Amino acid sequence: MNPIYLRGLGLWSTGFANPESWCRGEADHEIERAEAAILEGSLRRRASALTRVSVEVFDQVVQSSGVDPVRVPTIWATSHGEHGTAIKLLKMMLRGEGKVSPTHFHNSVHNTSSAYASISGGNATASTTLTGGPELVSAAILEAFCLLDAGVDEVIVVLGDEPLQDPFARNDMQQPLAIGFCFARNPDDSNWKISSLRRERLSGVKPHDRLGGLYVSAGLPLLEHIVTGRPGTIALEIESHGRSTASENQAVWCVDLDRVVIS
Amino acid sequence: MGSSDDQGYPVTSWSAINALGSSTKDFIEGLRRGQPAFSPVPSETPFEALCGAVDANLGPLPKALAEYDSRNSRFVYHGLLELEEPLAKARERWGAARIGICAGSSTAAMDSIEMAYFHHAENGSLPSGFDVLSDGSAEGFVRTLRAITRFEGPATIVSNACASSGKAFATAKRWLDADVVDAVLVGGSDSLCQMTLRGFKSLGLLCDGPSRPFSAERSGINLGEGAAFALLERTGVGPRLRGTGESSDAHHMTRPDPDGRGARRAMEAALLSAGLRPAAIGYVNAHGTGTHFNDAMEAQAIRDTMAGESDPLVISNKGYIGHTLGAAGATGAICVLEALENQWVPASAGAEPADPELKLNIPKVAVETELRAAMCNAFAFGGSNVSLVFEARR
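Just so you know, the protein sequences line up as chains A and B, in that order.
If you're matching positions, the first sequence starts at 1 in our numbering and goes up one per residue.
If you're matching positions, the second sequence starts at 1001 in our numbering and goes up one per residue.
Hints may be right or wrong, so weigh each one.
Taking CB as the label site, the calculated pair distances span [what the hints assert, rightly or not]:
(1) B/D1179 - A/D188: 50 to 58 Å
(2) A/G232 - B/S1043: 55 to 63 Å
(3) B/R1150 - A/Q174: 35 to 43 Å
(4) B/R1150 - A/P231: 47 to 55 Å
(5) A/L94 - B/D1179: 47 to 55 Å
(6) A/R45 - B/P1353: 37 to 45 Å
(7) B/E1029 - A/K99: 34 to 42 Å
(8) A/R45 - B/R1393: 30 to 38 Å
(9) A/V70 - B/F1293: 44 to 52 Å
(10) B/S1125 - A/D28: 35 to 43 Å
(11) B/R1032 - A/M1: 39 to 47 Å
(12) B/E1048 - A/N18: 37 to 45 Å
(13) A/M1 - B/E1084: 29 to 37 Å
Which bits of chain A does chain B cover? Going by a derived footprint, with three or more residues having C-beta under 8 Å, they are [said to hold, decoys possible]:
(14) 88 to 101
(15) 104 to 111
(16) 118 to 132
Simulated from the structure, these hints should not be mistaken for laboratory data.
These numbers were taken from a predicted model, which means no experiment stands behind them.
Built from N, CA and C at the ideal position, the CB exists for glycine as well.
Please take these sequences and the hints and turn them into a complete structure.
Structure below.
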C-alpha cells in the first residue's frame, strides 16, 4: 500500500471540544453537549449523543482539512452503535402495547451518523460504517488506505461511541467520544504521513488510560502523537476488558507515523 | 495489484441459510420450486404478520465457542460448516494471515440483547453469564468468525443497515485490489428480533400477507433472517466478482430518492468498475423489498442504468424468504452466483400480476437462459446503496 497523508483532525468528548484541549488534558466543564451545527434543525433535535459527537467531529475535520464536505467519501466506525436509542426502544417495548417510535427505530441503525451528515450536507458519495471490537480502529484506517489506493483523493474517518447504558453500563465507559481524521492520497499541505498499516508484535502496548472501555479510543494514541508532534510506531488496538486480540497471538495492528519531508 | 488477469476475483465457494432451509441446497431447491417460505411472526409479537424465519433446529455452538452462542452465531456457524473444506484449503493455500473476514450485519445479536434486557426487567439482573461484549455485539460476531475460520488477516463488520453485506463485498474487493489479502470470507448474518419487527411495523412497511415485490398488488415487506457467505480468492475457479458500486441518496432516513438517482449511481459505478456495458447484464437480483416506493424507485433506476441496451430479467428473492436485513446483500449475491453457475434465473415469487408501471422483465417462472453477467442490489436506511456485478466463469 502507498503511504497516506494527514489533512485534518477532530475530537469531541465531554469537556473537550477539540484535539488540542484533549492533549493538554484541559477539560472545560461547560462543554457538555456537541453542537452538531451542520445538522438541519429537525435532524439535530432527533440526533442521539453518538450522532451529535460524530457529526461534530466530521465538521471539525472538514474545517481543519478544507476538503469539500459534499464530495468526500466517509468512513464511520462505532463499536456499539446507537446503543442509547436501542435502549429507548427496549423500554417502549415493555410499555403498554409495546409499540415503538418509528423515528427512534430508524435512528437505531449503526449508520445513523453517516446518514444524518449525508442528508444534511447533501453528500451523495459512498459512506461505509464499520463495527466490531478491538480491531475496529485498524479496520477503519485500513478502509481509508484502500479507498485512497483505489484512486479517491481524500477520505474522512470518524470513530465514535457513546457509553453503554443500564442495565449494560460499564464503569469504564462514562462519556461519549469521537475522533476524526482526514487522509489524502497526495502529500500536498500535509505535515504527517502514515507509511504502513500492519499487524506486528509490539512490546509495551497498553490500554489507553482515559477511555479504555470504548474501542474507538484506540484511535487516541495516533491523534495524540500527531498533535504533540511525535512520530513513531503506534498501536491501533487497546487491550480492553482483558479481551484484546493481542492476547491471542501477541500481535496488534499498528501504523508508522512519519513527518512529511519537503525536498 | 488485481487478480491474475484484472478481470475481478473468483468466488470459489458459497453458502446460505434462511427460511428456505439450513443449507445452500435447500435454498436453491426452494427457489427452483418457486415456493415462498413464510410463517407467522413469533408469538410474543404484538401483531399478526408473516416472516421468513429459519425453521431448523440448529443446535448450540460447540463447547469451544459456547461463549458466543446466539441465534445469529448459530446461523454463522452452520453456514460456515458447509464451507469447512474450502476454507481449510484456502488457509493452506494462502496462509491464515493473508485471508481476511468482511461480513455485514445490521442487528447482529440484538435478539440476545432483548432477552437480556427483558430478563433484567423481570428479575433485576442480567442472565447468568451474559456478556454484552460477546453475546450482544458485533465484537462477538467478529470473534465468532475468527474462532471458526482461524483466519488471521483483517476482520471487520460493515453495518450500513440493509446494505451491510452487499457493501462487505465492496470492502473485500478493495482489500484484494490493494494486495492486503489473497482471499476474503465475505458475507452477512442477521436474526429476527422484536425490535426490527416492531420497528418496521411502526413505519407502516410490513404487509399483512406474503410480500410480493414488483407486483401491482404489493403492500410491503416480510422480515426474514439468515446468513450467507462467499469465499473470494485472488485466483481460482468460479464466477467472478467483477465490479462494485456504492453511493448515498443524501435524501431521507427511510424513503428512497423517488427518482432512484442514488441507486442508479451505484449501479453505474458497479458497471464502470466491472468494465462492462449494460448489455452484458442478463439478470438483476433486485433489492426488491415489496414496498411501493422501493420497487418503483428501483425499477426506474434499473431502466435508467440499462439505458435501452439491455432488458435483464429482474427478480427479488425477498418474495421467498423475506428481507434478511444485513444479510440481504450477500443472500442476493448467492442467488446471482448460483444463476451464473447454472445458467438460470428463478421466478420472482409473488410478483404476479406484475406492476406494468415498473416496465421490468420479471420472470413468472424459473427461466433457463444464457447469462454472461448479473447484478445484485442492496439499499438501506439512511440512503446507503450498493450494487455488485458478477460474471460467469469462462
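**Request:** Please name the hints from earlier in the document that this structure breaks, with their numbers sorted from lowest to highest.
**Result:** 1, 4, 8, 9, 12
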